[in-house]
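For chain A, the structure is supplied; the task is to place chain B on it using the hints.
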Amino acid sequence: MPTESTNPADPTRSAALEATELTVQYPHAPEPALDSVTLVVPRGTFYAVLGPNGSGKSTLLRALLGMVPHAGGRAHVFGRLVSDWDRRALAREAGVVTQSESMAFPITVRDLVAMGRYPYLGALQSETLADREAISEAMRLCDLESLEQRFLSTLSGGEIQRTRVARALAQEPNVLMLDEPTASLDVRHEMEILELLRASADRGMTIFLITHHLDLAARFADRMLLLDRGKVAAEGRPRDVLQEETLQHVYGWPISVSDDPATGVPRMTPLSTALQPAPERAADSS
Amino acid sequence: MKPLSWAALLGLAVILVFLLSIRLGSVGLTTGEVFAALRGEGDLNIQRIIVDLRAPRAAMAILVGGGLSLAGAVFQALLRNPLAEPYILGISGGAATGAVLAIAMGLTASLSWALPAAAFAGALLAIVLVLRVAATADNRVDVRVLLLAGVVVGAFFAACISFVLSISDARTVRSAVLWMMGSLAGSDWTTVVMVTLYTLPAAIALVGLARPLNLLAIGEETAGYLGANVERVKRVAYVLASLLTAAGVAATGVIGFVGLIVPHGVRLLVGSDYRVLLPLSFLAGAVFLTLADVVARTVMSPAEVPIGVITAFVGVPLFLLLLRRSMGARHGAGIES
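Which chain is which? The protein sequence lines are A and B, in order.
If you use this note's numbering, the first sequence corresponds to residues 1 to 286, in order.
If you use this note's numbering, the second sequence corresponds to residues 1 to 337, in order.
Okay, chain B solo, but in the shape it has when bound:
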């Protein structure tokens, strides 16, 4: 199948899962009631459920799923490793620390924007820390140092969270832990607009970097000899992909493994040309996270399973499989001296 056919198919799937997502929920509605509400007709309570609760939630799943998947694919090219994931780089740790701090300080009750803002600030702090640590030696970003820096920075933020939680009361702990597990439940149109403003420009700019990212996946030295401005491409792509991750984490909490699962699946379908991989990863990620959210809301209805649990149940076995494979014969490796 041609990449354009896949794009059309996935685009259609995004619309279908959006409709499915606003159709299903703890309040049972008929398809007719849903479409009436979308036209602004029928019962006002149903309209409110559809337009103010379920639609922004589905829109958020599309944005965050797409953004996390795109960011994962970009990190995989930058780190030349299909196991790379936004979370490995400590960005989620920074975001979670910011959010937990906001919750523990009681800011979230009075200020609706405090949690996303604090999470976003924490994520940015993590990016800066990781980049600073990794980029010291002759102004280049060494990938191995970067990975190690990500792990260490992540561990530091995990310790910060443990400390804040240990001195907090039980209600704060419960609310913080729920946030860290990841949920789309709090989505409203304000946060959807905020996440859109970060996600769309960053996503478009990253798709524009697809060709140099292809070269980086073969190797930095070769990419340089082929005419890529390696250091600049790396920095821009790293910052944009981190912004994409931060916006998603800020709005929905920690949802892991999306950036691992989705690009892996898309690679199996269309190969690893980033000009195709990046846009299709965004669409496929949107479909994946929307479906995961539907499962999270319906599988134990009326109770809700944290969506991070669903993505981890799919992602961890895949991660282990890929890890085993990369430990054995290097998958797809061409030349290694």
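Looking at chain A on its own, in the form it has when it is part of the complex:
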């Protein structure tokens, strides 16, 4: 007999995110963008979502939070049907960093991070001590304190992404969802964000990360989901999902999987379709 609480009605035991045969059909699209996807993201898990371009990763994020209409299936956030959530209450549970956004008007780092407090504030209410603490803590975690009064237009790509992550952290969410947050970042900035996410997960926050970086996902994530044309191709622990055959089928490209000697986690190496070794460069050895 299990010794832990197994009462399914106990709300504290419900998963952070849950999808049951979730289907999304965009108007005029021949195929559903998301086709009967079932997944469970337990609380405190670092969950990575992988898949080729157009496989439905961003649609999955939107559908999980009820931002696109569901053609079928259900999505639950912390045990409650997503359509039953009030948007402000949902924003206190789930923070999102979308793929991109453009500012219509100039804005400072501090003001953008402070927008994360919207779900906590009344229409004309000013920031309370708790709000100010959440904002400074989010900026501290993302190493933004020295940039507080800078305008976003003067920042580098990495600094802007850290500002957007800080805004989501200022929401004090229990689940943080990010759509390719490191797509345009160099190695250091990418690692800084991933280590911040890993540390947040270790403190109990649920992380839902969409990424193209198979190696880094293998290294940081507890579980992962591989999407292929809107369907689940594989789900589970990184070592179980990242199988050569599965990856080659999903990405349509020969990929070799081996253990990385430095980290001990699976490492993916895309091969050449010609399956030939790289040409010898005899002329270089002068």
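Simulated from the structure, these hints should not be mistaken for lab results.
Check before you lean on any hint, since a few could be wrong.
Here are some of the chain A residues that sit facing chain B, going by a computed Cβ distance under 7 Å [said to hold, decoys possible]:
no., residue
1, MET67
2, ARG87
3, ALA91
4, VAL96
5, THR98
6, GLU101
7, ALA104
8, PHE105
9, TYR118
10, ALA123
Okay, the calculated beta carbon distance ranges per label pair [unchecked claim]:
no., chain 1, residue 1, chain 2, residue 2, range
11, B, ARG171, A, LEU124, 47 to 57 Å
12, B, VAL133, A, ASP202, 49 to 59 Å
13, A, GLY252, B, GLY265, 52 to 62 Å
14, A, GLN125, B, VAL239, 24 to 34 Å
15, B, ASN229, A, ARG43, 21 to 31 Å
16, A, ASP260, B, VAL236, 30 to 40 Å
17, A, GLY157, B, VAL236, 29 to 39 Å
18, A, GLN125, B, GLY265, 51 to 61 Å
19, A, THR154, B, ARG171, 56 to 66 Å
20, B, ILE204, A, GLY79, 33 to 43 Å
Backbone N, C-alpha and C fix where the C-beta goes; we use that ideal spot for every residue, glycine too.
Below, chain B alone, put in the same frame as chain A:
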């Protein structure tokens, strides 16, 4: 300078330009005569000029200038573009068509309220048309479709005006064209009360939406994830800002570019936080239009330059400047993939 200091300064400026506006005019009066008339003393003719002609005119400039500026700032957040202006959305076209129809049918001679009522009905028709066209696809309002719908609806109303004018007599054409150029000359206390009843509640409600409007300016998807009820905020703000525009256009004719010039200037002073931008835009717009009206009345006195000409002379160069800038490096743009 703190936003509250700006608010106090602009509030004081509204009072000063009001006094300036009733002091200056084609009939030369001394400051003493003006203050005597305000206390209900002195020459009855002077009292009439001050209390029944100049004061309602200045009050109307304050209301309409404030309302148009506030509406412009709101449209800029809704459309995420500092170039957005009430006129781009075809609302002035609808209002002008209604007014021109009323003038051509000779209703304005017998019924003093016919022109504002017809202009108001035309403006509301334009709002409904633009919203209907733009909001069909899965019940959401797509901003690009909305802008295009505004341009097309505006073009349709412009064609309606041309048609009505082509079959009207010369006197009607002259009076309609004068109305379309915009003027505060017809203001009386009845229309001031009417415009106040529309403007003040709508303005207060829009200031209450300042925080979600801030989120909308970053992007609709992000605003939704931050907890804003995006579609509802958009609809309410769109309708209220259009009502504000319609009330102003109905009472004073087409006065363009106020909603572009004033919010732009206020953004330069205090930034783009709508909790500050909206109230200050109202005050600054009141000052701007009152001053523009003083210039319109005095620069070629006793003849009057249409106030729409003054605002266009200031607004068009600014519009072109902003357009050039937005075509080049996207001003203040943070992230664009």
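Outcome for the supplied range 47 to 57 Å, where the beta carbon pair is ARG171 of chain B and LEU124 of chain A: holds (51 Å)
Interface hint outcome for THR98 of chain A [beta carbon to chain B under 7 Å]: holds (6 Å)
Satisfaction of the hinted span 49 to 59 Å by the C-beta atoms belonging to VAL133 of chain B and ASP202 of chain A: holds (52 Å)
Cβ separation of GLY252 of chain A and GLY265 of chain B, checked against the hinted range 52 to 62 Å: holds (56 Å)
Restraint outcome when ALA104 of chain A is required to lie within 7 Å of chain B by C-beta distance: Status holds, d = 4 Å.
Verdict for GLN125 of chain A, GLY265 of chain B (Cβ pair) under range 51 to 61 Å: violated (28 Å)
Assessment of proposed distance window 56 to 66 Å (beta carbons of THR154 of chain A, ARG171 of chain B): Hint holds: Cβ distance 59 Å, inside 56 to 66 Å.
Distance restraint evaluation - ILE204 of chain B, GLY79 of chain A, Cβ atoms, bounds 33 to 43 Å: holds (40 Å)
GLN125 of chain A versus VAL239 of chain B beta-carbon gap, inside 24 to 34 Å or not: holds (25 Å)
Hint check for VAL236 of chain B and ASP260 of chain A - Cβ pair distance inside 30 to 40 Å: violated (54 Å)
Chain B contact restraint on ALA91 of chain A - CB to CB distance below 7 Å: Holds - the Cβ of ALA91 of chain A comes within 7 Å of chain B, reaching about 3 Å at its closest.
Interface hint status, ARG87 of chain A versus chain B (Cβ within 7 Å): With a closest approach of 5 Å, the ARG87 of chain A hint holds.
Violated hints, in rising order: 16, 18; the structure is consistent with all others.
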